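Enquirer: One letter stands for each residue in the lines below.
2 protein chains.
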Amino acid sequence: MKAPLATKIGIIGGGQLGKMMILEAKKMGMVINILDPEENCPSSSIADCHIVGGLKDADAIKKLAEISDVVTYEIEHINVDALFEIEKTGKPVYPTPASLKIIQNKLSQKTRLIEEGVPSPDLLAVGSPDDLRRAGEKFGYPMMVKACLGGYDGKGNFLIKSADQAEEAFEALGGNDLMVESFVDFTMEISVLACRGRNGEIAVYPVAQNDHENEVLNETRVPANISAETSKQAMDVARRVMEIFEGVGMFCVEMFVLRDGSVSVNEIAPRPHNSGHYTIEACSSSQFDNHIRAVAGMPLGDTSLIKPVVMRNLLGDAGEDGRAVVTGVDEVLAIPGARLHIYGKAEVKPKRKMGHITVIADTLEDAVKNGEKAHKALKILGK
Amino acid sequence: MKAPLATKIGIIGGGQLGKMMILEAKKMGMVINILDPEENCPSSSIADCHIVGGLKDADAIKKLAEISDVVTYEIEHINVDALFEIEKTGKPVYPTPASLKIIQNKLSQKTRLIEEGVPSPDLLAVGSPDDLRRAGEKFGYPMMVKACLGGYDGKGNFLIKSADQAEEAFEALGGNDLMVESFVDFTMEISVLACRGRNGEIAVYPVAQNDHENEVLNETRVPANISAETSKQAMDVARRVMEIFEGVGMFCVEMFVLRDGSVSVNEIAPRPHNSGHYTIEACSSSQFDNHIRAVAGMPLGDTSLIKPVVMRNLLGDAGEDGRAVVTGVDEVLAIPGARLHIYGKAEVKPKRKMGHITVIADTLEDAVKNGEKAHKALKILGK
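If you read the sequences in order, they're chains A and B. All you need for our numbering is the position in the first sequence, starting with 1, plus 3. All you need for our numbering is the position in the second sequence, starting with 1, plus 3.
No wet-lab data here; the hints were simulated from the structure. Check before you lean on any hint, since a few could be wrong.
Which copy is meant is left open, because identical chains are indistinguishable; a pair holds if it fits in one copy or across any two.
[Stated by the list, open to error] Calculated pairs, BS3-like style, for lysine-lysine (alpha carbon to alpha carbon, straight line, at most 27 Å):
#  : residue 1 : residue 2
1  : Lys-352   : Lys-11
2  : Lys-11    : Lys-386
3  : Lys-164   : Lys-386
4  : Lys-310   : Lys-379
5  : Lys-379   : Lys-11
6  : Lys-235   : Lys-310
7  : Lys-376   : Lys-310
8  : Lys-382   : Lys-11
9  : Lys-141   : Lys-94
10 : Lys-141   : Lys-164
11 : Lys-235   : Lys-354
12 : Lys-104   : Lys-11
13 : Lys-382   : Lys-104
14 : Lys-372   : Lys-310
Keep in mind the model is a prediction, meaning the values are calculated, not measured.
Next comes chain A alone, as it looks inside the complex:
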């Protein structure tokens, strides 16, 4: 026995989300095992046991389950059938494979939301370029075509501007398991992190305002610049999503704010999320702490905002490729309220998520200003 707090957590995936889960779980003395194909993945040096294997490798997942009390994951594109097998043996898996299976496929995820009356764009399943053109007649252009499986950070999305692009979009997204959504004319992108315990307890974080660049998250600021009414609606939607999917653990509900101030769900991630990194510094319990609490069957922690906060993503710049070297660290750390997170990926690539900066301040204005200053100072170069 390495630790007196008995829970042994198995995490599928050893990227930055897994790493930040471990940093919280270790505070409580838990034992953490991970499964990840990369020997030097961000979680590796702080995991108790690292099974080197593929995220979809059923045997490796089984091995992970055997040495863990509960299995969770930091990425949704994994082998859900293997998770069902683990669950059958009596070993808990959270979020449940049943909820993951629905969420993994964007068509079933969004269909479920629409059935339940959760505000989200109209959609159609498409099986051919002709289907796309028919959808265009219904929704008008532009409209968003999405691969139902496997997309993230804008990958797997294609914005069609006219019927002429039907073939191009169909080919670009691989030609099957596609869906179309009516275009949403939004004024702001927001997200709400929510957590549900094994006993149904739900904790919801405040609304985060997100700014994307080239479809990858660039900045998150909290509180969001929205009305109290919009904020309430967004948090209610997130709570409703947790109930619908009976999710256990952290979920992120990404939403659009429409011109009338109402919200529309864009996407759900059944895990801690990039737009929730701010919670490490700005909340009593971070999204990672609450994820661990939830999957371990513990009461959830306080999700209220302690201070205005800005998070800036550190991505590999265009043209940077090779061994990652971080510059500008001292400029960032000299900024009051700034904390630097470097995930520990040995190689930088363009748009790769290498770390993030969080800045808290007494006013959001100061946090925004300092976040921008910090972001400008820090560079991750490829040597």
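Start from chain A and add chain B according to the hints.
Expert: Just chain B, lined up with the frame of chain A:
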């Protein structure tokens, strides 16, 4: 290369202080090597490399230095001569061996403070029971006898109430390297955590109010219930101590508040300190983050208090001995603003530091109340 942020930190000691340093350093992607005799010490599972060896083993310390860019320590009772040797090879050691050597010995530590005009009790070196009786004539009774080397948590201290106890005290403390301090009639015990960077930058945390039980820290609350004037004096003293010892890294200055509101230094620890654990939740940069920043030569982080906070120590109760089992976890985690730290020591012993609870709240009153409730709920039993 495991991490892109190049600094490799070597820590002598792998207890809870080392563990909490690693949890902060890992956020920035640093590589951490430790030296500790216990294979399952609290830091072991999250260190990149664990050299299993004694804290005073010069060869082991040399090995640690060889694989690290900078060497630091989480405990002051180590082999300072070995540290001087490391420094001679050009490898930086922080806090410096020169400052450690003076601080390690309470007589030289306090003599230095008195020379520099820092308020602290009168003292006398003693070499015999007769010396003790002579000190008693000068200081009156009660008076505190201290072993100059190696004491902590009240170990190495003896309160003499009359001349009759001179022989008893002399024997109990091992009979050499002893000193006597005049008794301090204090109204409160406080501590100030301070940090000094390699470039001389100093950051001082707010004053912490400490409550000891059987000479071991029981509770810390911040802000302390003292006047603005006393607070300023205490923080000035801490800053002055950092200048005197040219300390690099975190120091803790424990002080007494006297009846007139002035302060008197009790003891200095050249490392993060139990009474500074509150900084993890209640400050933007914790004492562990700032220690790492300082020894790595980085700018220091913000030390201001974000919320009122209470820290409660989790010690092994009298009579508990054996494999540690934690009970009452759910009651603690259900308290708003409560965070639980379990160090991961496999065996519990009476008075052994097994973990701590931190509670933040909007008012100190609520933090105190919730801290007490949490502390009562949690038990660490020996099975």
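Enquirer: Hint by hint, note whether the structure agrees.
Expert: Structure-based check of all given hints:
{"no.": "1", "hint": "Lys-352 to Lys-11", "verdict": "between (34 Å within a copy, 24 Å between copies)"}
{"no.": "2", "hint": "Lys-11 to Lys-386", "verdict": "between (38 Å within a copy, 19 Å between copies)"}
{"no.": "3", "hint": "Lys-164 to Lys-386", "verdict": "neither (39 Å within a copy, 68 Å between copies)"}
{"no.": "4", "hint": "Lys-310 to Lys-379", "verdict": "within (22 Å within a copy, 30 Å between copies)"}
{"no.": "5", "hint": "Lys-379 to Lys-11", "verdict": "between (40 Å within a copy, 26 Å between copies)"}
{"no.": "6", "hint": "Lys-235 to Lys-310", "verdict": "both (19 Å within a copy, 25 Å between copies)"}
{"no.": "7", "hint": "Lys-376 to Lys-310", "verdict": "both (19 Å within a copy, 26 Å between copies)"}
{"no.": "8", "hint": "Lys-382 to Lys-11", "verdict": "between (37 Å within a copy, 20 Å between copies)"}
{"no.": "9", "hint": "Lys-141 to Lys-94", "verdict": "neither (46 Å within a copy, 71 Å between copies)"}
{"no.": "10", "hint": "Lys-141 to Lys-164", "verdict": "within (14 Å within a copy, 93 Å between copies)"}
{"no.": "11", "hint": "Lys-235 to Lys-354", "verdict": "neither (33 Å within a copy, 48 Å between copies)"}
{"no.": "12", "hint": "Lys-104 to Lys-11", "verdict": "within (24 Å within a copy, 42 Å between copies)"}
{"no.": "13", "hint": "Lys-382 to Lys-104", "verdict": "neither (38 Å within a copy, 40 Å between copies)"}
{"no.": "14", "hint": "Lys-372 to Lys-310", "verdict": "both (15 Å within a copy, 23 Å between copies)"}
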